[in-house]
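S.K.: Chain by chain, the residues run as shown.
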Amino acid sequence: MKLSKQQIEHLYQFTRQHFVEYYDLQTELVDHLANAIEAKWNESPNLSFEDALQMEFKKFGVFGFMDVVEKRQKALSKRYNKIVWHHFKTFFSVPKILLTVSLVFGLFFFIKTFNPNEVIIILFGLILIIILLELFQKNKAIKKRKQKTGKVWLFEQIIFGYGSFSGILMLPFHILNSISNSSIQQNDYILFGISLLSISMILTTYIIVKIIPSKAEDYLKETYPEYSLVN
Amino acid sequence: MKNSQLYKGSLNTIIMKLLEENGRMYGYEITQKAKEITKGELNITEGALYPALHKLEAEDLLDVEVERVDNRLRKYYKLTEKGTKETVNRLSELEEFIKNMQTIVNPKLSY
Numbered sequence: 001m002k003l004s005k006q007q008i009e010h011l012y013q014f015t016r017q018h019f020v021e022y023y024d025l026q027t028e029l030v031d032h033l034a035n036a037i038e039a040k041w042n043e044s045p046n047l048s049f050e051d052a053l054q055m056e057f058k059k060f061g062v063f064g065f066m067d068v069v070e071k072r073q074k075a076l077s078k079r080y081n082k083i084v085w086h087h088f089k090t091f092f093s094v095p096k097i098l099l100t101v102s103l104v105f106g107l108f109f110f111i112k113t114f115n116p117n118e119v120i121i122i123l124f125g126l127i128l129i130i131i132l133l134e135l136f137q138k139n140k141a142i143k144k145r146k147q148k149t150g151k152v153w154l155f156e157q158i159i160f161g162y163g164s165f166s167g168i169l170m171l172p173f174h175i176l177n178s179i180s181n182s183s184i185q186q187n188d189y190i191l192f193g194i195s196l197l198s199i200s201m202i203l204t205t206y207i208i209v210k211i212i213p214s215k216a217e218d219y220l221k222e223t224y225p226e227y228s229l230v231n
Numbered sequence: 001m002k003n004s005q006l007y008k009g010s011l012n013t014i015i016m017k018l019l020e021e022n023g024r025m026y027g028y029e030i031t032q033k034a035k036e037i038t039k040g041e042l043n044i045t046e047g048a049l050y051p052a053l054h055k056l057e058a059e060d061l062l063d064v065e066v067e068r069v070d071n072r073l074r075k076y077y078k079l080t081e082k083g084t085k086e087t088v089n090r091l092s093e094l095e096e097f098i099k100n101m102q103t104i105v106n107p108k109l110s111y
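Protein chains in written order, with this note's numbering: chain S, 1 to 231; chain P, 1 to 111.
If you are wondering where the hints come from, they were derived from the structure by calculation, not from laboratory data.
None of these values were measured; they are calculated from a predicted model.
Backbone N, C-alpha and C fix where the C-beta goes; we use that ideal spot for every residue, glycine too.
Some hints here could point you the wrong way.
[Unchecked claim] BS3-like mimics (lysine-lysine), calculated; alpha carbons at most 30 Å apart, straight line:
no.: 1; chain 1: S; residue 1: K89; chain 2: P; residue 2: K8
no.: 2; chain 1: P; residue 1: K8; chain 2: S; residue 2: K146
no.: 3; chain 1: P; residue 1: K35; chain 2: S; residue 2: K82
no.: 4; chain 1: P; residue 1: K99; chain 2: S; residue 2: K59
no.: 5; chain 1: S; residue 1: K2; chain 2: P; residue 2: K35
no.: 6; chain 1: S; residue 1: K215; chain 2: P; residue 2: K82
no.: 7; chain 1: P; residue 1: K85; chain 2: S; residue 2: K89
no.: 8; chain 1: S; residue 1: K5; chain 2: P; residue 2: K33
no.: 9; chain 1: P; residue 1: K35; chain 2: S; residue 2: K71
[What the hints assert, rightly or not] Far from chain P, by Cβ distances over 10 Å, these chain S residues were calculated:
no.: 10; residue: Q13
no.: 11; residue: Q54
no.: 12; residue: F63
no.: 13; residue: L76
no.: 14; residue: Q147
no.: 15; residue: L229
[Claimed, not checked] Per the computed footprint, the stretches of chain P lying under chain S, defined by three or more beta-carbons under 8 Å from a beta-carbon of chain S, are:
no.: 16; segment: 24 to 32
no.: 17; segment: 44 to 58
no.: 18; segment: 61 to 75
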């Protein structure tokens, strides 16, 4: 006996009730449960759908689907980090490296000439504002889409939540702020290091806030073969 | 599973070996196949299988395909080119491990 459309829909609901928010994981778990229930029915045809479901769900252990969700998140974050790294490397290879080098030297001479702390505060303040604006806009778009399709994709959320980077983005701001003016301006090596670090952070920000979200659709299609099937 | 701790470290290799032999498979199929081959001795739990599959996928060792089957979507896993090469490595590693364990457990049999 096969599961009906309603029963499949019920399984989707069941996964949602058990804290599986993401459609991609829901789909995989629904198929698993459905297979298991159908196999149960082959052994004992009189078993009710609900009983069979409970028996199968128990096999996932006391934490239910939570462990699966958590590990999936980890796996996809890894994939995301790889994508970021891939884009980052392009800024250090021909031809983009020319841009990177000029940016680093530009910042270097800028900090050397002007008061570094003020420059840095203005620079990172600007970046922060841009990120917040983008974040606000994108989240609105995701919410809108969820309302329309009823689906949330885990990788989509990682892309628009900027992976685990959002906290790190402000790190150089804190580091630079804690270094006193005089020692920075006296040592060209430190100054250069700071310029390189700052530009690297700005490029990373640009990658995760601009480049990757603009290609989100492609990355989602690559990650989820079912993406174009259901959207 | 009789002693899950012992199997745990080899779960990824077991999955890769099954995929090597059977081409593409979906999650539930993998658990059933493992049970079938070992006559019920090896029971891959759901809570361990999917994280392992997702990890292998993230490492580009597995690729996924999705198809509509009955009223639902089914996700199939298969080895990538990199995955096929890696399977050979991991299997020889596992064989080495089995050999060493045998020497430890049953010293008389070794030379």
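S.K.: Each hint: holds or not?
M.R.: Results for each hint:
1. Distance hint between K89 (chain S) and K8 (chain P) is unfulfilled; the C-alpha atoms sit about 36 Å from each other, more than 30 Å.
2. Taking the CA atoms of K8 (chain P) and K146 (chain S), the gap is near 38 Å; set against the 30 Å cutoff, the hint is violated.
3. About 35 Å separates the Cα atoms of K35 (chain P) and K82 (chain S), which puts this hinted pair outside 30 Å; it is violated.
4. As the CA atoms of K99 (chain P) and K59 (chain S) are separated by approximately 33 Å, the hinted pair breaks the 30 Å bound.
5. Of the supplied pair hints, the one linking K2 (chain S) and K35 (chain P) holds, its CA atoms being roughly 22 Å apart against a limit of 30 Å.
6. A hinted pair counts as satisfied when its Cα atoms are at most 30 Å apart, and K215 (chain S) with K82 (chain P) qualifies at roughly 25 Å.
7. Distance restraint check for K85 (chain P) and K89 (chain S): the Cα-Cα separation of roughly 26 Å lies within the 30 Å cut-off, and the hinted pair is therefore satisfied.
8. Between the alpha carbons of K5 (chain S) and K33 (chain P) the distance comes to roughly 27 Å, so the proposed pair stays at or under 30 Å and holds.
9. With a C-alpha separation of about 24 Å, the suggested pairing of K35 (chain P) with K71 (chain S) holds against the 30 Å cut-off.
10. Distance check on Q13 (chain S): its Cβ is at least 14 Å (rounded) from any Cβ of chain P, clearing the 10 Å threshold; non-interface status holds.
11. Consistency note on Q54 (chain S): stated as away from chain P, and its beta-carbon is indeed over 10 Å from all of that chain's, at 14 Å minimum.
12. Remark: the non-interface label on F63 (chain S) conflicts with the geometry, its nearest Cβ contact in chain P lying 8 Å away (cut-off 10 Å).
13. Listed as outside the interface, L76 (chain S) is inconsistent with that label: its C-beta sits roughly 7 Å from the nearest C-beta of chain P, within the 10 Å cut-off.
14. At roughly 22 Å from the closest C-beta of chain P, the C-beta of Q147 (chain S) stays outside 10 Å, upholding its exclusion from the interface.
15. Interface exclusion of L229 (chain S) from chain P breaks down, the closest Cβ pair being 6 Å apart, not more than 10 Å.
16. Against chain S, the segment 24 to 32 of chain P contributes 5 residues with a C-beta closer than 8 Å to a partner C-beta. That satisfies the three-residue criterion, and the hint holds.
17. With a threshold of 8 Å between beta carbons, the proposed coverage of the segment 44 to 58 of chain P by chain S holds, since 9 of its residues qualify and at least three are required.
18. Counting residues of the segment 61 to 75 of chain P whose C-beta sits closer than 8 Å to any C-beta of chain S gives 11, which meets the bar of three, so the coverage hint holds.
The structure does not agree with the numbered hints 1, 2, 3, 4, 12, 13, 15 stated previously, though it agrees with the rest.
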